Amino acid sequence: MPEYKLVSKNFDYPDQPELQAAVSRGAYEQWKRVLSEQIPPDKITEEVKTAKLRGQGGAGFPAGVKWGFVPKASRKPKYLCVNADEGEPGTFKDRKLLERDPHQMLEGIAIACYAVDIHTAFIYMRGEFYEPQRIVQQAIDDAVAAGLLGKNILDSGFDLNVIIHMGAGAYICGEETALLNSLEGWKGWPRLKPPFPAVVGAFRSPTVINNVETLSGVPHILRMGGEAFQKIGTEKDGGTKLFAVSGHVEKPGVYELTMGSSLKELIYDVCGGIKGGKKLKAVIPGGSSAPVLKPEEIDVPLEFESMAAAGTMLGSGAVIVMDETVSIPQIFMIMARFYAHESCGQCTQCREGCTWIYKISQKILAGQGKPSDIDLMLDLADNMNGKTVCPLGAAMAMPTIAFLNKFRGEFEGMMKN
Amino acid sequence: MLELTINDRVVQVPDGLNVLQAAKHVGVEIPHFCYHPGLSVAGSCRMCQVEIEQGGRKRIDLSCSNAAVDGMIVRTNTPAVVKAVKGVLEFLLMNHPIDCPICDDAGECKLQNYYMLHGLYDSRLNVEKWHKPKVHPVGPTVVLDCERCVLCSRCVRFCDEIWGERQLGIFGHGSNEKLINYPGRELDNPYSGNVVDLCPVGALLDKDFRFQRRVWYLKSVKSICPLCSRGCNIYLHYDVDHDYQRPGRRIQRIKPRVNPDVNRWWICDRGRYGYSFIDAATRTKTPRLLGKDADWNYALQKAAELITTTQKQHGPGSISALIAPTASNEDAFMALRLFRERLNIPQISSDIPSSEKLTADQLLLTDDPYSNRRGFQDLGLGPADGGMNAEEIINAVKAGQIKGLIVVGTDLESLVGKQVESITGKLDWLIVGASQENQLWNRATVGLPLAVYAEYPGTFTNVKGMVQKFEKAVEPLGQALPQWQVWHKLAGHLGADWRFDDARAVFKALSAGKPDYESLNWHATFGVDKGCYPDNW
Ligand SMILES: Cc1cc2nc3c(=O)[nH]c(=O)nc-3n(C[C@H](O)[C@H](O)[C@H](O)COP(=O)(O)O)c2cc1C
Ligand code: SF4
Ligand code: SF4
Ligand code: FES
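From first to last, the protein sequence lines stand for chains A and B.
Residues in the first sequence are numbered consecutively from 66, following the numbering used here.
Residues in the second sequence are numbered consecutively from 165, following the numbering used here.
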């Protein structure tokens, strides 16, 4: 199964972040065409719907449908928030898009804003992304200087102000409504939904929130047409997906595959198999929030629905591969520590549950666990799962349940010692 | 009205309620911490989960953030709901210090009550608890115990949304998160005490009440705050077993009583903490005659003689009365009936400048420290009723035109300063009605000790013209009497045969022909409340 380079096709040109170079490879062609041909905004949204472009930030919500939720007759300004927080453990694909091809994303932003009648876009960027910030800011400045962004773009009368807002290092601020609060200067606590951001978002105004990768795909949809884009992928998941593969594979890195490719092939063909020929033990297929898969479960298509059917999720496409040398109770403790630290603390179950499970996992590692601890953790996870404001509670609970059920023997083994 | 089914009962509720309110409306209490009807919906404690069935689809969801909708089916007791709710409780108790035996909130604590309700008796906790600050003064009036806090954010929302200043916040994340002051700020807004009422647990406590009484030893009556013209509805919480004749604190605390038309759920700190005068050592307890204790009959007999003699010698205009509008409508009515109607005293004024200057704020406090100015006005004792104002009366005293003066509920400092001789020297006699010893009390020819609002039932009319009743919590101190009873008795000594058995009879008489007054149902608001704090959401 070969890679399919669409959004990553210019990653290997060192000069791609420069405007001239990017333009020479086709950047902003679709944006110029949209403006010169005055393509009706609705038609763009329809095209994105046809393309079956799914949200690439983790939830997989169809992008065109989301744009369509924004009320047309709003008297308030509307906003786009680009989610460049990339905090999910194992995920490092947006960073590449930001660093290697910022103009592709900016073109996607411009087209999305045109489609939804937005004149201010915020790029909410992970606080640690110093280098991406510098590169993207330079790209914005260049594009504005070239009249591709900013006021009265290419004499069309369309204005678009693109602003980078740096986060301060909290994972939760990648959750879209926590992101909005953080952007507005409040504590990054997720908001109750409904109302959804498309109706009440940033500054109480209608807001579209899309992941960097989602927006980077938009110019390609306009270039090849929605139907052709969809056909690259599967019936429900159009186009491609970037996978950030880490852990015990021969060739870790970011790979672009068509939607629906096989997870097994990604690991064994594209990434060269398990490092040093060791035995595969477990795969986390979609970032740390995705329930773990055992070796016999990895022959699944990389596609939102199929992954859900396999009891896990495609998530952000962060594939973490673990070989036989890995201690699952230790991985589990590290994961639990992450969520215990990153829970925003708003919901009772998530705030207390993550910590409780984390503390139990520490005890188990220290050889002080009791067999009953496993059922206790499973029950605590059940009390958290799906009962909180945002999905972080579930993002802790679901992998907990998977780790404990699938590797129960290994946990119990630590207790006998 | 809409119709929904709650726990298999078909019920009707008014429009515009959420599921939690709708259930409460029909007597089904849904456990909750963060929801409060006076604040925005946070939806974060997750305690109020119920099963909601709509269009054949069931889900477990929050009752505080979902509007009650026609045809909705709500269940609060399915096994899944009970498990979810128990789960939340267990998580809340995980890091809780369980120091109920020394917590003032015990008996009023939601966490404690829900724990009893859901009977989660065997702790499954098998790890160390977090430790957080235990005694942190968040401001001049309130103390915080961070370990007891369930992080419901009610107190934060109160400061942000109701008062409008960020003074408290929840900082950090994960279970090490804590509620604490905003950096560099204190909880010093003039409504700070409300966060204690809002706090569903014993995390925020009144310094004023801390370690004073277990709440189950308290009784409460419905009352009206007498400290400004807003007339906020309150409860007086008083000691059940206190021997009232001994000096000490009988009123233990004041809590707001919900009235959507007046104060909603709130009261200001001035009203909340300003009750020490009720049991102050300076209370007047015995009638006085020429600086010596006397009994009521003798003192009133003397007062009657003074009035009769002066009126005979100098005419009705030689006597004047100054009555502060802090007294009840019943007091004012009886004063008028005696002084104006019976004795024909022409100059009676309630227009006494207050020595305390108030500045109205954006919430409740008005700029008028007198609780019943409007009532006095309605009854014909207001400044607009012709005649002299208080200052003119004082000037007339100084000019020797007035021989006998009756002063009630004021020490006249705002008019004469400390120079009491400037008037006492000009008078043949001075009759003083007061609940507190003041600069006039010891110079009074006759001193009449008066009960305070907590000691007898009556009505005040607030700044908006609303007639509101307050009830009696404790007996008058010593021999003090309600003001209207004093005038009633004095009238007897002056030969009148009035028969007003109680405050209600007086109210009935004064409200005749006044629709705003007649509409008050005296009994509807009467009675001693069992339980300490019935409006607790
Ligand atoms: C705890 C949590 C963290 C998240 N972090 C990110 C993130 O770092 N980047 C991202 O794009 N989406 C993140 N998401 C998903 C966003 O909430 C949201 O679904 C996404 O930004 C929408 O864009 P998309 O539809 O283009 O994927 C996170 C969600 C949760 C619950
Ligand atoms: S689930 Fe966790 S992270 Fe999400 S809002 Fe609740 S406490 Fe915060
Ligand atoms: S102190 Fe009380 S009111 Fe404030 S957040 Fe904590 S529990 Fe809630
Ligand atoms: S979540 Fe509903 S009361 Fe707290």
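Please keep in mind that the hints were generated in silico from the structure rather than gathered at the bench.
Check the hints yourself; a few may be wrong.
Lysine-lysine pairs mimicking DSS-like chemistry, simulated, CA-CA at most 30 Å apart [unchecked claim]: (1) K188(B) <-> K428(A); (2) K636(B) <-> K252(A); (3) K653(B) <-> K258(A); (4) K293(B) <-> K252(A); (5) K428(A) <-> K582(B); (6) K252(A) <-> K296(B); (7) K222(B) <-> K258(A); (8) K258(A) <-> K582(B); (9) K456(B) <-> K471(A); (10) K383(B) <-> K435(A); (11) K298(B) <-> K252(A); (12) K222(B) <-> K428(A); (13) K521(B) <-> K435(A); (14) K521(B) <-> K258(A); (15) K296(B) <-> K435(A); (16) K258(A) <-> K344(A); (17) K258(A) <-> K188(B); (18) K301(A) <-> K582(B); (19) K247(B) <-> K428(A); (20) K342(B) <-> K471(A); (21) K293(B) <-> K435(A); (22) K521(B) <-> K476(B); (23) K521(B) <-> K428(A).
Residues on chain B that point at chain A, a partial pick, calculated with CB under 8 Å [unchecked claim]: (24) V190; (25) S208; (26) K222; (27) V291; (28) G481.
If you anchor each label on the Cβ, the simulated ranges turn out as follows [to be verified]: (29) H295(B) <-> G478(A): 45 to 53 Å; (30) W686(B) <-> D444(A): 22 to 30 Å; (31) T242(B) <-> G341(A): 22 to 30 Å; (32) L522(B) <-> Q427(A): 56 to 64 Å; (33) N241(B) <-> R140(A): 44 to 52 Å; (34) Q427(A) <-> T242(B): 30 to 38 Å; (35) K222(B) <-> K344(A): 20 to 28 Å; (36) L219(A) <-> K222(B): 29 to 37 Å.
Everything numeric in this text was worked out from a predicted model, so none of it was measured.
Ideal Cβ placement from N, Cα and C applies to all residues, glycine included.
- Message: Hints numbered earlier in the text: which of these fail when held up against the supplied structure?
- Response: As far as the earlier hints go, 1, 2, 3, 5, 8, 9, 10, 12, 13, 14, 16, 18, 20, 22, 23, 24, 26, 28, 29, 30, 31, 35, 36 are violated by this structure, in ascending order.
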